[in-house]
Amino acid sequence: MNIIVCIKQVPNTTEIRIDPVTNTLIRDGVESVINPFDTYAIEEAVRLKERLSGKVTALTMGPPQAEKALKEALSLGCDEAVLVSDRKFAGSDTWATSYTLAAAIRKIGAFDVVLCGKQASDGDTAQVGPGISVHLDIPQVAFVKKIEDVSVNAAKVERMTEEGYDIIETPLPCLLTVVKEINTPRLPSLKGLMRAKSAKIIRWTADDLEADPGSLGLDGSPTRVAKIFTPPPRKGGEILKGCAGDVSKKLVGLLKGVVI
Amino acid sequence: MDYFLTEQQTMTRDLAKKIADEKIKPVAAHYDETEEFAWPVMKILAESDLFGVYIPEQYGGLGGGILDMCLVTEELSRACGGIALGFAGTGLGAIPILLYGSEEQKKRFLPDIAKGKKLAAFCITEAGAGSDAGSIKTTARKDGDRYILNGTKQWITNAGEAEIYTVIALTDKAKGARGASAFIVEKGAKGLSFGKKEKKLGIRASATREVIFTDCEVPASNLISKEGMGFIVAMKTFDSSRPGVAAQAVGIAQGALDHAVEYARTRVQFGQPISGFQGIQHMLADMGTQVEAARALVYAAARMVDSGAKSVAKESAMAKLFASEVAMRVTTDAVQIFGGYGYMREYPVEKYMRDAKITQIYEGTSQVQRNVIAANMIKESLKRQSRD
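Taken in order, these protein sequences are the chains called A and B. To convert, note that position 225 of the first sequence is 225 in this note's numbering; the numbers rise steadily by one, no gaps. To convert, note that position 66 of the second sequence is 66 in this note's numbering; the numbers rise steadily by one, no gaps.
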């Protein structure tokens, strides 16, 4: 079983700072980590490999320093790591990112399952995983909380919903995005850390991919960010107290005052 | 302070620290309270390869030495001195095999220890043989291709949980300590049983039991080295293992100190954080300095062991003596800084004080360490004199 797990390096903070001019993330001075949701995808990929044998390839698109995230993925049990990095990818939105990652996955070659975290902790869009499946023209299931069964050409998974979960069967190859309920990621092992230290990361630029140059980076991104801001906090409501009769009268009075 | 660790040692320490902070700290109070053995943590340590840091690569380890073992013990002890013993006690049980085991014994036992599949334990102490280890009564009688062991070992760390026991027993009672021999006894051996689990002041997450031999059958191939070498095996084992106990003491002291500094910063009395008072500042400064001095001595002793130095008894004993005394003082002061809160079990520091005490007692009391140190100093002086 060949598994590809897509990861993203994100700032290790809940205080995301945005450049007011370019409207993109400020990464300087912030420690970078693997997107927490992707750590569940890595763990699930390694567990699938341990169960069914095969190979796990970690894939990321990002600046050269994203290599650190890939090394960590290797220390956690991934076998190979691919970094797709080029100035031409800068400014990619979710469409261009998923287009680029799909092109990289095609270049990696034969695969059975692509695993992604359900979303990134910085952008929070949850679009890149499903986007990749569209570019690859393969089925996808988002918000997977359990992989029940995987055979040569089909998988049975549980998709988390607000009320419970759906059981979905999908042919392979497919793309799954996973939620944190799916597993508890392991810590790296010393042997894994040492292997990762000396492991070679495969690096691809835009020229290495079979991709339309106009579909990459800022130029290939249909999204235009007009402005990013923190919405003002909602004003607190008013709680009416007293006996039912008084409160209802007061409420009716207030409602009459509301102009719609 | 920079101790110029190798890249692998730094990795080892950082991973142990991560496990201590993320996996042990949150459960330390639980295991202290329930006195259960922390098997889930042992599993994590095993999966992280930490059990193998001091075992040579050809036996499935990572090829480090006693310093690597100390780094792990220290970090784990910073979170819980009791849980750390699952690791450190296994090291103590494995050292006799590492030092004196035959190639066949090393191949047979070390890989499972390195993988964390099996814990180990070292058995010498008996009811009537504590500091006076030479007066053990447990016997081993040769019977064809096996030995028959009889006797009871007391206060054995990891007993009942471990799979591999290295045991000191008398093969020749008439010769006393010179008639002692070391054996490897596997859990499940006929005639091997365990006493009740002891209730202790501290390190309550560690399992302490009697190990009872009743006509216990051990294959002759499990004799370590040869008959009569038991006491030497034990003493050389302690020379190598004492930096580990010292590292446990440093970890316990550091854990208590970290809590004390943080508490002093946030606890407000007389309108200001108590860290603003010189009385508290000087206490913290002394605690920090003592812990760092202990760590420096422990690492130096561990490096000396790893260098293959011929005699390390004095330095090992110094490290163990100093670090354990520091641990007791620093943890007591940490409770003092916490005041009434420090005395409450709801707060973390009283546990450190309880855990610290054992480091002054086991693997040779502070008094025995002083005996070892003084004896070696006198011996060295005599040697110098005879050279002059």
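Hints may be right or wrong, so weigh each one.
Said to hold, decoys possible - Residues on chain A that point at chain B, a partial pick, calculated with CB under 10 Å:
(1) V152
(2) A154
(3) R186
(4) L187
(5) L190
Source of the hints: derived by calculation from the structure; they are not laboratory data. Backbone N, C-alpha and C fix where the C-beta goes; we use that ideal spot for every residue, glycine too.
Here's how the hints hold up against the structure:
no.	hint	verdict
1	V152	violated (29 Å)
2	A154	violated (31 Å)
3	R186	holds (6 Å)
4	L187	holds (6 Å)
5	L190	holds (4 Å)
Violated hints, in rising order: 1 and 2; the structure is consistent with all others.
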